[in-house]
Structures are given as C-alpha cells and as structure tokens.
Amino acid sequence: MQPEQQLRASLREIDDLKAALDEHAIVAITDPQGKITCVNDKFCAISKYSEQELLGQDHRILNSGFHSKEFIRDLWTTIARGKVWKGEIKNKAKDGSFYWVDTTIVPFLNDDGKPRQYVAIRADITERKRMEMIAVHLAAIEKSSDDAIIGKNLDGTITSWNAGAEKIFGYSSEEMLGSSILRLIPADLHDEEHHIIQRITRGESVQNLETVRQSKGGRLINVSITSSPIKDSSGKTIGASKVARDITERKLAEEKISQLNAELERRVIERTAELEAFSYSISHDLRAPLRAMGGFARMLQEDYAATFPPEAGRQLERIHENAMKMGLLIDGLLEFSRLSRQPLNKRTVSPAKIANRVLEELQSDMEGRHVKITIGDLPDGEADPTLLHQVFMNLLSNALKYSRRCDPAVIEVGARKDGGRCVYFIKDNGAGFEMEYAHNLFGVFQRLHRADQFEGTGVGLAIVQRIIRRHGGRVWAEAEPDKGATFYFTLEGENIYV
Amino acid sequence: MSDESVEILLVEDSPDDVAFFVRTFNKTNLAARVHVVADGKEALEFVFCTGSHSARNLANRPKVIFLDMKMPKVDGMEVLRRLKADPYTRTIPIVALSSSNEERDLIESYRHGVNSYIVKPMDFDQFAETVRVISQYWLQFNKTPKP
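Heads up: the sequence lines are chains A and B, in that order.
So the first sequence is numbered by the numbering used here: it starts at 1 and just counts up by one.
So the second sequence is numbered by the numbering used here: it starts at 1 and just counts up by one.
Calculated from the structure, these hints are not laboratory results.
There's no promise every hint is true.
DEER-style ranges, computed between Cβ atoms [stated by the list, open to error]:
{"hint": "1", "chain 1": "B", "residue 1": "G113", "chain 2": "A", "residue 2": "E436", "range": "33 to 39 Å"}
{"hint": "2", "chain 1": "B", "residue 1": "I134", "chain 2": "A", "residue 2": "R347", "range": "35 to 41 Å"}
{"hint": "3", "chain 1": "B", "residue 1": "L30", "chain 2": "A", "residue 2": "D377", "range": "56 to 62 Å"}
Residues of chain B placed beyond 10 Å of chain A at every Cβ, according to the derived structure [unchecked claim]:
{"hint": "4", "residue": "N29"}
{"hint": "5", "residue": "A32"}
{"hint": "6", "residue": "A38"}
{"hint": "7", "residue": "E45"}
{"hint": "8", "residue": "T50"}
{"hint": "9", "residue": "K63"}
{"hint": "10", "residue": "R82"}
{"hint": "11", "residue": "K84"}
{"hint": "12", "residue": "R111"}
{"hint": "13", "residue": "S116"}
{"hint": "14", "residue": "F127"}
{"hint": "15", "residue": "N142"}
Bear in mind the structure is a predicted one, so any value in this text is a computation, not a measurement.
All C-beta atoms, glycine included, are put in the ideal place defined by N, C-alpha and C.
Please model the complete structure; the sequences and the hints are all you need to start from.
This is the structure:
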C-alpha cells in the first residue's frame, strides 16, 4: 500500500472513531490554560450552550459550586503533571439546571513533556445520581423511622427489617431476616396474614389495618399496618412492604377520650335531670303561693268591697294583677326551659304549611280587625316541626300584636336566598322599635315596649332564639319605630356560638 | 258521722287551696258533703276505712275524689295508683288537681288510670269557675257502676 493511501486509510479510521465517540460521549478539548478549543454536539446539548458560547471560555462557565476548591485543585494538579484524571463532576447548564458527568481527562504532552492540550470525555450520569440520592434518602428514612418497615416475600419470609421494627418488636434484624412474618402474629390471628398475602398477590394493598401483633417477649402491641405489593420491573408481584405503626398510646388515648366523653355525657344527663327537677319544683312550688296571694286578694274584694275605701279596692286589684303577671312569667320561664330541653327531631318540613296552621290557631286574635296576610314561596327546610311551629307562633302572634293599631295590618311571610342559605322572614307594618335596642330583643324578660301599650312577658323571642340556635341557625330583626319590624331566621349553616 | 255518706273527698295539703275550694264549692248550689283530708296517707285510710278512719263504713264510697298530686308523705300519684289497683275502689272517679301542666305528669297520671286531669288555674275567678264546672259534672252528670 502506498504511504499516501495508508495515510488516507488512517485518517478515515480516525474520522470513524471520532464519529463513534461523538455519538457516545460528551467531548471537549482545552488548551493548557484550560480554554475550551473544541466541543462536540453532545457537550452543547447537555450544557445548553452553543459552540460559539463555549469556545474560548474555560470550564468555570459550567461551575455548579458543588465541589470543593480542593477537589478542583486536585484535578488540575493531576492533569498538569500529565496524569489522567477520572471523577464525577456536577455541572451547571446555561438554564441553571444541574447535571452530573462521569469524566475522564486525558492530557496530551508536547515534546518538552508539558501538556499541549487536554481531552475530556464525559458520560451523562445525572439519572444514576438522582437514583442514588433517592436511595440514600429512602435508606435514611427507613433507618430513622419510628415505624416498623419490613419487607417480605410472598411466602412470608422477611427480607428487610429496619430499626423501627427492632424498636417496636424487640427482635434484631439478624434474628428476623430469613424468618417468617408469622413470628410477629399471635396464633389466633394467623389467618389475617393469609388474607393480607392474598390481597398482595392480587396486586392490592392493605391500608391502615388496625390489629394486634406480638413482640419478642410475647407482649401484645396495637398496630396499624399498611402493606403494599413490591413488583419487579416486569410488574410481577414478588413480595410486600409492610409498615407497622405502634398505636398502643393512641389506643389508650382513644379509650381515655371515650371514657371522658361517657363521663361528660353522664354529667350532662345528671345536670339535665337536676334542671328538670328544678323547673318542676318551680312549676309546683312557686305557683301555689301566687295563687293564694291572688285568691285572697280577690276574696277580700268580694267579701268586703262595700266597706273598703275605693283606693283599697284598687290596690287589692293590683295585688291580684301582679300575682297573675308573675304567674305568666313563671309559665314563660318554664316554657323556655322546656323547649330548651326538648329533644330536637329534625326532618323535612314545609314552613308554609306550619305558618298556615299557626294562622288558623291565631284566628281569634284577628277577629274584628282588618288584617292582610300573605304567605310567599317558602322552601322546605330541615327542622323539628313542633319547635318550628312554636317559632312561627311566637313571631306571627308578635306581628299581630304590634300591628294592632294599624288599619289594615299588613303581615308578610316570605323567604329569600342569601349565599345559598334560605332566609325566612316575617314582616309587619306595626309599632316596630328603635334599632339601637335590637340587641336586647332576644333576652329572657327583655321588652322594648311598655306593658300598658303592648302586654307580654318577654319570653317569646327568647324562645324563638333558643329554638333557632338549637337548629344551628340564626335569628335577627330589622325595624323602625311606627314603620314595622321584620324578623329573619335561618335553619342552618351558621355557627351556633355566633 | 261514720254513716254519713261523703260525696266529694278532697285530698289537698294546701290550706289555701282547701279554703278556695270549699268557699267556691259552697257558692254553687250543689248540696253535697265535702270531706277534706290533708295528705295521701289519710286519703287511703279514709277510702279503705283503716287507721284513723277504721270506724267508717266501707260501703260509703265517695262519688268522686279530687286529688292534689303533690303532697308530702304519700303523694297523689301513689294514692291514684293504689286506688286504681284495687278492684273495689277502681271505679271511683279520680280527678287530679295539679299545679303542673308538665306533659310527663299528665302521661304518668293517665297511665295510672286518672279519670280527669285539671291544672289549677292561677286566676281565682277561673279557679272558682273550674271548681263549679267539675263538681257539677262529676256529681250530677257522670254515672259510675256499683262496686
């Protein structure tokens, strides 16, 4: 072969090798000062810089800041001495992302034995590094977890055992690796493991199964177990991971909570019984002397009216009236207490039907009066029918009472939507009240009108509020003196403590 | 005295209520004898002719018993229970007089077989009217079987 042909063949071989190398590796050549003189496409692709941007720069352009100065110095001393350097380097690409390269730098020397240029050949190991990092993290998690993390085969042989497992069950990993998971399971629960394995084999997992396991000393431990299939790369289930959490303390706490709840419940029942006994004795014992006071005043009037000065007769009348009034107050208080204690039986009710029924019962209050009442579209609601009846009774009889001097009295029962909630309202054109006293409206025995103008005990609206609050709703009012009042209420969707 | 027939037995521990009852009853034109006992124990002795009433003739059963439900010692409910449990006294009408309109008192009374349940009105005039109406009803209109 001619020398020229030989040369050509060699050059072609070199070209072929370079092409193959460019296909496989990230290649850069730098001068002795470290300036980049040549990069291949793969270098550009991974660093996201163009060839023009790289040529003439040194490798600091790719510095990720990850490596120590010593690391970099060692690299340079090695190659400056003409030795090959190998290592893993973390670089930063143009867009700020990081990548790892497995790097070999080969120095080429001139006739004086000084480096003439450096050829760096690198391979992308970013993914491998990522996996390594995950593995390190997982190992740390497994090691530091208080939960027992156990791996096992489908036949129940334990393949991994962490410190948490050792802590909970008392066995070391040496004792447990290779032995059966059944060692942890009380004999009467061995079936359970069978079911777990069946599910795992089907590729299903078991979530938070609360059960009992036993420790090395035979102590029973309340645990919550989550077990999931471990699959090989082909998707075949080859084992199971099992995370067991010691919930003994939680179980104790739960037990304590349920004891406390029972205790509270018992106390509530006790207090309710005391309250009932109290109301009961009020109802019996306070009424009797009042009846006697009123009665004797009346008897005095009947028997001695003729011999009394007229003023004495009027005063006796006031004794009688006040006794009656106190009787009504006691009745109101009892009613308030009774409706507060009565169990709430919620169901779907038609407020329109209830309002109509109440109006029928109030017919006698309307006799001889000109009253216009309209009942609009009232959506059904969730309420105790008896208690809601009481609400309409109190609000409608108020509306009738305070519109007594209006001709005609106009009363409107309606509903509107407000932010998804239904707000029911009862509006009248009666005496109304000044809004600055509105906060007193719903208190027991609170009244905004003088008894000689509008009679009443001041219990009705307190009852309304108590019932509405027990339903989880809210009641409020808007009014203006002599222009009427509107009472609004909802049956749900409000914090009862507002 | 022991052979005199009593038409109304009033069992009432409150002297005030006794005074009201007797006063208003006397204003009605019902010429009936009213006997008052002040507690449940004596009420049972009276009807069963035992203890302080052992001299009474058992056949002289009251035509109606007005029974206050809340009394010391043996209360109205116990009197009611005992009288309704005995075949001989079961048919004597018993009208409960109570200060309470608590639902559970009504339920309990009817469960024990009370014939009527009246809440004593607070107002004296109403009280008087009530005494007149119930006395007239039970003495003049109501019929009871012989024992």
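Evaluated hints:
1. The hint said 33 to 39 Å for the Cβ distance between G113 (chain B) and E436 (chain A), and at roughly 57 Å that hint is violated.
2. Under the hint 35 to 41 Å, the C-beta atoms of I134 (chain B) and R347 (chain A), about 39 Å apart, fit the expected range.
3. For the pair L30 (chain B) and D377 (chain A), the beta carbons lie near 57 Å from each other, so the given range of 56 to 62 Å is met.
4. Every CB of chain A is more than 10 Å from the CB of N29 (chain B) (nearest about 18 Å), matching its label as outside the interface.
5. Non-interface status of A32 (chain B) relative to chain A is upheld: no Cβ of that chain comes within 10 Å, the nearest being about 22 Å off.
6. Every CB of chain A is more than 10 Å from the CB of A38 (chain B) (nearest about 14 Å), matching its label as outside the interface.
7. At roughly 24 Å, the least C-beta separation between E45 (chain B) and chain A is larger than 10 Å, which holds for a residue marked as non-interface.
8. Residue placement check: T50 (chain B) keeps its beta carbon more than 10 Å from all beta carbons of chain A (closest about 29 Å).
9. For K63 (chain B), the non-interface assignment is confirmed: its Cβ lies about 26 Å from the closest Cβ of chain A, beyond the 10 Å cut-off.
10. Residue-level check passed: R82 (chain B) sits 21 Å from the nearest beta carbon of chain A, beyond 10 Å.
11. The Cβ of K84 (chain B) lies farther than 10 Å from every Cβ of chain A, with a closest approach of about 22 Å, so its non-interface assignment holds.
12. At roughly 17 Å, the least C-beta separation between R111 (chain B) and chain A is larger than 10 Å, which holds for a residue marked as non-interface.
13. Against chain A, the non-interface label of S116 (chain B) holds: every CB pair exceeds 10 Å, the least being about 19 Å.
14. For F127 (chain B), the non-interface assignment is contradicted: its Cβ lies about 7 Å from the closest Cβ of chain A, within the 10 Å cut-off.
15. For N142 (chain B), the non-interface assignment is confirmed: its Cβ lies about 26 Å from the closest Cβ of chain A, beyond the 10 Å cut-off.
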